[in-house]
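J.: Residues per chain are reported as follows:
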Amino acid sequence: MLTSEEKVYFGILVILTLSWAAIDFARIAAVIVSRPGFSVRVVLSRAVRRLPSMLTQVGATLPVFRLRPREGVFHYLIFAAFSFYALVNVLDTFSAFTGFSTIGQNVLLDAYNLIADVLSVLGLIGMAYFLVRRFVQKPPVLNFNPGVVLYPKVSAGGIRRDSLIVGAFILTHVGSRWLGTAFHLAQAQETSLYLPTASVVSLALAGLPAAALAFGVHATFWLAVGLILLFFPYFVRSKHIHIFFAPLNWLLRPDRPLGEIQPLKTDGRPLALQDLRWHQLLDTYACIMCNRCQQVCPAHNAGQPLSPAALEINKRYYLTDHLHEFADGSAPRVPLLDYAISREAVWACTTCGACVDICPVGNAPMLDIIDIRRSLIEQGDTLDAGVQKSLENLGKQGNSFGASGRARAKWTQGLPFKVKDARKEPVDYLWFVGDYASFDARSQQLTRLVAKVLNDAGVSFGILYEAEWNSGNDARRVGEEGLFEMLAEHNVAALDSAQFKEIITTDPHTMNALRFEYAKMGKRYKVSHYSQVLARLVDEGKIVLRPQNGVNGATRRRVTYHDPCYLGRYNRVFDAPRALIERSGLQLVEMPRNHNGSFCCGAGGGQIWSANSKQAERPSEQRIREALALGDVQTFIVSCPKDMAMYSDAVKTSGNEGKVVVKDIIEVVVEAMAESAHEPKR
Amino acid sequence: MNIIVIVKHVPDLVEELEIAEDGKDLNRDFLKFVVNEFDDQALEQALLLKEKGGGTITAVALDAPEIDQTLFTCLAKGADKAVKIVGDLEGRVTSHAAAHMLADALKAMSHDLILTGVQSAEDLDGQVGPLLATYLGEPHVSVVTGVEARGQMVVVRQEYAGGVTGEFEVDLPAVLGIQAAPQPPRYAPISRVRATMKEKKLVEIQAAAADGAGLNVRQMVRPQVASHAEMIEGNTDTVVERIVGIMAERGLMNG
Amino acid sequence: MGNVLVVVEQLNGKTGEITFEMLGKGRELASALGGELHALVIGGQADELGIADKVWVMGDGALAHYTSANHKAALVAAISAISPRVTLIGNTSIGMDLAAGASAATGIPLIAYCNALRVEGGQVVGTSQIYGGKVLAEVAPEDGACIVSVLAGAFPASAGRSDKTPVLETLAPPALDNRVRFVRLIEPEAADVDITKAAVVVSVGRGIQSADNIELADGLADALGGVVGASRPVTDAGWLPKSRQVGKSGLRVKPKLYLALGISGAPEHLEGMKDSGLIIAINQDASAPIFDVAHYGVVGDLFEIVPALTEKIKG
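Chains as they are written, first to last, in numbering that gives the first Met the number 0: chain A, 0 to 681; chain B, 0 to 254; chain C, 0 to 314.
Extracted from the complex, chain A is given alone in its bound form (with noise of 0.2 Å):
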């Protein structure tokens, strides 16, 4: 079909434009390749291990139809006609120098020729949803909180323009294919039953003079296969370069659990891209600015600077635009703080996990705005003086309270037996009490009704009195990883003093520690958390839960639970609260936000210390809201004590006292052992 010339041309454009994306993509590859942590054996037992999960994720766009299934789907319709194109591009180029036609030859091509005529319609659809929502529809989601940190690129519109020429390339490259197709048709005067479409639209075609069919035909290729050549080297530096670094990133991203944090020697340097893992500019290329990260970001619903999308999408437009430096290693290191995100968007982060969660290419923002808070500490930068108060309680009195050290197990006082001290003798459970659970003066009735309850049962458990000491879970996360080994060190020395079996932890911040951060130095813990050892104690009939709640035809009271970010999505215990409140014969009903999709409380990542009150509504009077739009819900359920705290709170200050209890889960389940004693013996 091509003439000579064209032929020549199109071998002289194919060597321009990839080789010109070729070196811009090994630019990239060099500077992911050259960060810390790289190494190619890594690399490939991670891509042999983690292929098929990859394929299925990646194949069916799965967390793409997470928090907005309608942009999954015309987003689905996009990624297959575009993966399609793969080799219908091959196939046309391959068609348009020998001449040969995929019309008519057999049952595989004509099936090629269906899912090509079908998907290139579908894709045009799909497309055209997207340009509509963007720039028409403009949905608030796609915007930026007051005080977010853009590049200034990004700022000027940039976001804007690459959609506009992305979206527009792929109109032209899909909606020329197809219309060459049709082309095809009217020139050899036939249609062909499997392509509809195409048939549909050459019939209309028919009727033109042959010269203007023939240079429909001739154009459409040079639009179709032509542009996605030139497009080669736009690729590489547009958001669009996700459709190679998005699998990569799920093949490739770290193994570790969400809890479990890498250490960073920072040499008291404010952070720069230079300091980052090789996975964390991974993570840029591989972030398309879909903004789901901000939309489940507890900061950023509190009015707050923090977007974890602009930190990704400022870190590549800095590297897009000092690839050169970067990949010869002659950048200078300039501090993220000075382009990527702000000083206050640093601080204002939960480190609830819900941004990693919710990334559809497996992106780990969080990561970067825990080290650069690290970055912070070393370089004694002002903290927000409760932060400060905190930190150096922990470091004089182990707890984050201030309090006396010693009176870490003064909450035992008052109940009716001695809770045995697991350094003196052997216990199956260790209980690791924690700060709030131990020091908080609401929360201390609670710990006393768990003591209660687990004594009753039967269980052997103890506790470490004064050598417990904070686990240093959030100490981690606020950046004072020095303070983080103490802690750590001397928990560790506290529990080789003492003989158990298992640790029972009340705060799911300090299972999280125990759990994932104690195992990096060596010491591997069995760790649950209070509500699933409740819930085995009811499971072994060592609890008897009987309520009268639901019995007889009797309506069961409506409840609604709220997962701890630290217990649902860092340790995946979902369940067991909730077999807990079903058997406590209350009806639970699940506010739109669950499971691991739960909002957080606002309290981690150390903001439970911060006297920072520049919040527009507090994430915890959010989420009271959100309770009480289900109606009929008056009982908040639940199973950390710092929810205790802040929801206690938040029901205060949002003025819904009288409207919503806040019960902790052990309240639920102390009510039904009581009816249970109750009932009448059978």
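These aren't lab readings, by the way, just hints derived from the structure by calculation. In this text, a Cβ means the ideal position worked out from N, Cα and C, and glycines have one as well. Be aware that one or more of the hints could be misleading.
[To be verified] Far from chain B by the CB rule (all over 10 Å, computed), these chain C residues:
1. Glu27
2. Ala45
3. Asp52
4. Val56
5. Ala63
6. Ala76
7. Ser157
8. Ala171
9. Ala210
10. Trp238
11. Gln283
[Claimed, not checked] Straight-line alpha carbon distances no greater than 30 Å define the calculated DSS-like cross-link-like pairs of lysine-lysine that follow:
12. B:Lys197 x B:Lys49
13. A:Lys264 x B:Lys197
14. A:Lys388 x B:Lys200
15. A:Lys388 x B:Lys197
16. A:Lys519 x B:Lys197
17. B:Lys51 x B:Lys200
18. B:Lys31 x A:Lys395
19. B:Lys31 x A:Lys417
20. B:Lys51 x A:Lys264
[Unchecked claim] Take a look, some chain C residues computed to stay more than 12 Å from chain A by CB distance:
21. Ala104
22. Glu137
23. Glu141
24. Asp142
25. Leu175
26. Arg183
27. Ile185
28. Ser242
Please build the complex by placing chains B and C on the supplied structure of chain A, with the hints as guidance.
T.: Relative to the frame of chain A, chains B and C by itself:
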């Protein structure tokens, strides 16, 4: 400017303080010590002066349980040198004795300015700053909330009750008792303190013999602590009636 | 001889309340010791000091402005000249400059942070409040004389006032020590009320729920002739200015009446108000720590109780 900052360990007041069996001191067996909060302010003030006008900072402390950690923290925050005065320092050292030992040590150390916390939790016999200044024959100002270097003198602000502040010029060398630095004491990351422990050494000086304060402690007691509130029960009217009654009883109702 | 010397504290030409508190106590000590009560005025006025048997006046113009160096030198000279058995100095900013310095210069022992004084068997015994008020130490000088720095508010000022005209005697001032030079006095900006001075403080905590509800507390404070204070969450939220914050990180108050409305009682807050004369707390939560320091407590809804209480007080 060469600045000396005097730091002192005091019992951590968040702990339960027990009185020793003889009733004349705290039971020091299980005491936990922390740096005197005002000394932390003094160090911060010194660091700010150094950051603005250069010079050196030497942290000086009498030996006490866990004092090394505190001196290394001073170094981690930016002090150049840390000196520990060692000797027979068991039990509570009176402010007079401490000031004598410090004066003896500091005479041999060239300095322009000595900063210390305005007071500490155990200065039963007076604050160390003015005692030390008198033994050294240097001028002294207490309750200082601002220091500015100006050649061979400093301009200081002294805070009085009710928010009134006095401004003074003080010739150097001088001793200042710091109430508060212009900004809260900075945080010393634990990793840096640990690194400092590996990199730097404390200088030890032998303490001179010193007289006591000339006071006999007859006994120490813990003040009576108020118990739980008496709860007022009943409906709003009853409660209001009762509260008004209680306030009237104490003559608090006439405004 | 068992004379008692009270060092008069004057700032801006005004004699501080602490002076009368010391004069009252000094009178009592002087009679117990069989001596006279003397007052020392350095570079100031001898008015209002009628309760003293003798007022020593030292220096004038040159000592008019307080400086630590000059006034310490003057005090040391006066102590040498008068040889009092007991020298009382306020434990104020000025007293902190003078008391320990004079003790070091004269070799006379110092009892600091004193909140109780008595004479027992001819010996002066003082109680020193140390370790943040957690310990009271009863001490006595090894030999006869002592200097005592007295905590503000420890003794009643009323006992230190008298209409009598005292005997005045002039003391020659020592050579000036000009190493500390007075520049100026800076008055505070008159912006908001001083909650540390109020006899009644009505404080609100998180339980007040919103900035709009602060007016409830305003109403009650008005009715009681008091001021409105707050716990940290309230000032953090910007519902009240920082100058109203009661607590360790705010201001310490010691009013005759402290009403805690919707304050749970974080240690940080308790530290700033636990010494108040009468503490009444209203809170929803029966286990709130505020009830551990309050004298009277109500578990209930402040939005019901406070308006009713305000009405009742207004009559």
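J.: In ascending order, which of the hints set out earlier in this document are inconsistent with the structure?
T.: none
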